[in-house]
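Peer 1: I would like the entire structure built from these sequences, with the hints used as guidance.
Below, each chain spelled out in residue letters.
There are 2 protein chains.
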Amino acid sequence: MNQDKVILTGDRPTGPLHLGHYIGSLANRVILQDTYKQFILLADMQALTDNYDNPLKVRANILEVALDYLAVGIDPKKSTICIQSMIPQIAELAIIYLNLVTISRLKRNPTVKTEIKQKGYGENVPAGFLIYPVHQAADITVVKGTLVPAGEDQLPILEQANEIVRSFNRIYNCSVLPEIEAMMSPVSRLPGLDGKAKMSKSLGNALFLSDPEDLVVKKVMSMYTDPDHIHATDPGKIKGNVVFTYLDAFDSDKNLVSQMKEHYQRGGLGDVIVKKRLIEVLNNLLEPIRARRSEYAKDPSTVMKILFEGTEKTCKIAEDTMKEVRAAMYLDYHT
Amino acid sequence: MNQDKVILTGDRPTGPLHLGHYIGSLANRVILQDTYKQFILLADMQALTDNYDNPLKVRANILEVALDYLAVGIDPKKSTICIQSMIPQIAELAIIYLNLVTISRLKRNPTVKTEIKQKGYGENVPAGFLIYPVHQAADITVVKGTLVPAGEDQLPILEQANEIVRSFNRIYNCSVLPEIEAMMSPVSRLPGLDGKAKMSKSLGNALFLSDPEDLVVKKVMSMYTDPDHIHATDPGKIKGNVVFTYLDAFDSDKNLVSQMKEHYQRGGLGDVIVKKRLIEVLNNLLEPIRARRSEYAKDPSTVMKILFEGTEKTCKIAEDTMKEVRAAMYLDYHT
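Here the protein sequences line up with chains A and B, keeping their order.
Last residue of the first sequence: 748 (our numbering), numbering continuous.
Last residue of the second sequence: 748 (our numbering), numbering continuous.
Please note that a few of the clues may not be correct.
It does not matter which identical chain is meant; a pair holds if it fits inside one copy or across any two.
Straight-line C-alpha distance at most 25 Å; calculated PhoX-like pairs for lysine-lysine [unchecked claim]: (1) LYS609 with LYS530; (2) LYS614 with LYS736; (3) LYS470 with LYS736; (4) LYS520 with LYS532; (5) LYS736 with LYS726; (6) LYS674 with LYS726; (7) LYS611 with LYS491; (8) LYS736 with LYS557; (9) LYS530 with LYS520; (10) LYS491 with LYS689.
By construction, these hints were calculated from the structure, which means they are not laboratory data.
Predicted, not measured: the structure shown is a model, and the values here were computed from it.
Peer 2: Structural data, given as structure tokens:
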């Protein structure tokens, strides 16, 4: 166990997790939990920043996402799963950090800038949304997280978090907060079933970890391939052919994939055969995940108990950090 | 006791309190505590929004301001004095409220707008400063405050707080948060010793409640009167003559003040005689305040104990409010 590094990662509970989450982060977390101290945050408060008018969606997805975690093999004995809204220290720390960052700096964050444009907020951006990178800085630092698995678009958030860390340590003349290192995701983003750059629930192009066998068949059969590959005998293209992208990502028989690619490009290999292989691969991957999921789903109170225990453990660590933060800021009135 | 209305008031602990505070709020609090449930908040977190780089100043003034409170007759058996940073529920609630208000709305707040200009922040306004009205909405509503003693410049803050209250109740389909009523200060603002509109520590024109007798003499003797009233025999002006403004505010012998004004305007009454009357009046007012202050100052740990007890009591009430808030937002995972 590498005790020096502490991982903080997590998800906004806005929907069940899909293959993109699996390949982009979940599979990695299952490996990392053997080496690092790992906190996995169910970020319900951050889910509310752009879903504040739909709290039931957030509420329902706490359990769904937790089931996905346990189903893929995140082990609560190794990883600490916790609920953000039940850790008041995060809010306390976020409020403190808000003094250390200007509104113009927040507006310059390229990731947030893009999201504000995508959501069409314009000048009417909710304050909670603009400041979410500050809140994330609090998420990470409240457990003294030093390692955050990240994609390209999370880098500006981590940069901003490190600016806050350095400001805090400089202004309060201390070394309470450790700097954060990004652990770049080894896998590039999984495209959606329709070939679009991103798999996402809201785009309707996702294959969920909880999808039953027959739905996987249906979804794979509808997947985007090569639109010019009309007959099996035609030569087909691999580039942009999502079925092959998925086979590259999930099929462990690399030789077979390589042969199929060659055959497909040469002509004579029909989409249906390739898709059947992908269905087999995905159902093999998802079968044990589904089995564990349905086992846990029988007893939601046990799942919630796991979350409560993880949250309690996190709160204790968070309170230790806050004691140091308050001491550095001379807010430790009891001493 | 009027149990229906709950007062929330308080001060940013950035300096000892002065005569302006006394006449503008403290004297009133001593009266109100007999009729209302009254919370008095030592707003250290808000003091840090524009003093984040000087936490020792905030720390030191917690005790100073508490001593001023007790000295003027705020009775901890009647009023609940509490420390903002020790009430995590305020931060939790503020973070929730940030989703219900836009950045552009925050920028339109005329009071904050003026303050940003005065402080020369421009676009580099710290996020914590821009959002302080949201934080104040949390201060008030976390104890379900319904009545807030206010001057003109606090009205936009209360208006914004009520917008948040209404948004919350509407979006979460509940009536958890009561609307807030402003209790307009009956006294207009006390000018500074130099005649400037506002008495303030930073302007160096304040007479503090903790000033000793001889300093009161010195400060009153240096007060601004009528610059054209050179000789005692000259007729003098009352308007803009701060010594008479103070006599109007503090001298209970209204007849005497009236006679002195007449004599002064007619000519033949020297500034020194008027000032000596004011010194007498102020020292009569301040003498018992000083005595109580020095008594409490002998034992700071007892004063801190009063604050801790008040804070603990406030935390319990705040947690009750948060339980309702979380239930309305479906964040009550334990149920």
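Peer 1: Take the hints in turn and mark each one as holding or not.
Peer 2: How the hints compare with the structure:
no. : hint               : result
1   : LYS609 with LYS530 : within (19 Å within a copy, 47 Å between copies)
2   : LYS614 with LYS736 : neither (40 Å within a copy, 32 Å between copies)
3   : LYS470 with LYS736 : between (34 Å within a copy, 20 Å between copies)
4   : LYS520 with LYS532 : both (15 Å within a copy, 21 Å between copies)
5   : LYS736 with LYS726 : both (16 Å within a copy, 21 Å between copies)
6   : LYS674 with LYS726 : neither (49 Å within a copy, 70 Å between copies)
7   : LYS611 with LYS491 : neither (30 Å within a copy, 60 Å between copies)
8   : LYS736 with LYS557 : within (13 Å within a copy, 28 Å between copies)
9   : LYS530 with LYS520 : both (12 Å within a copy, 20 Å between copies)
10  : LYS491 with LYS689 : neither (36 Å within a copy, 77 Å between copies)
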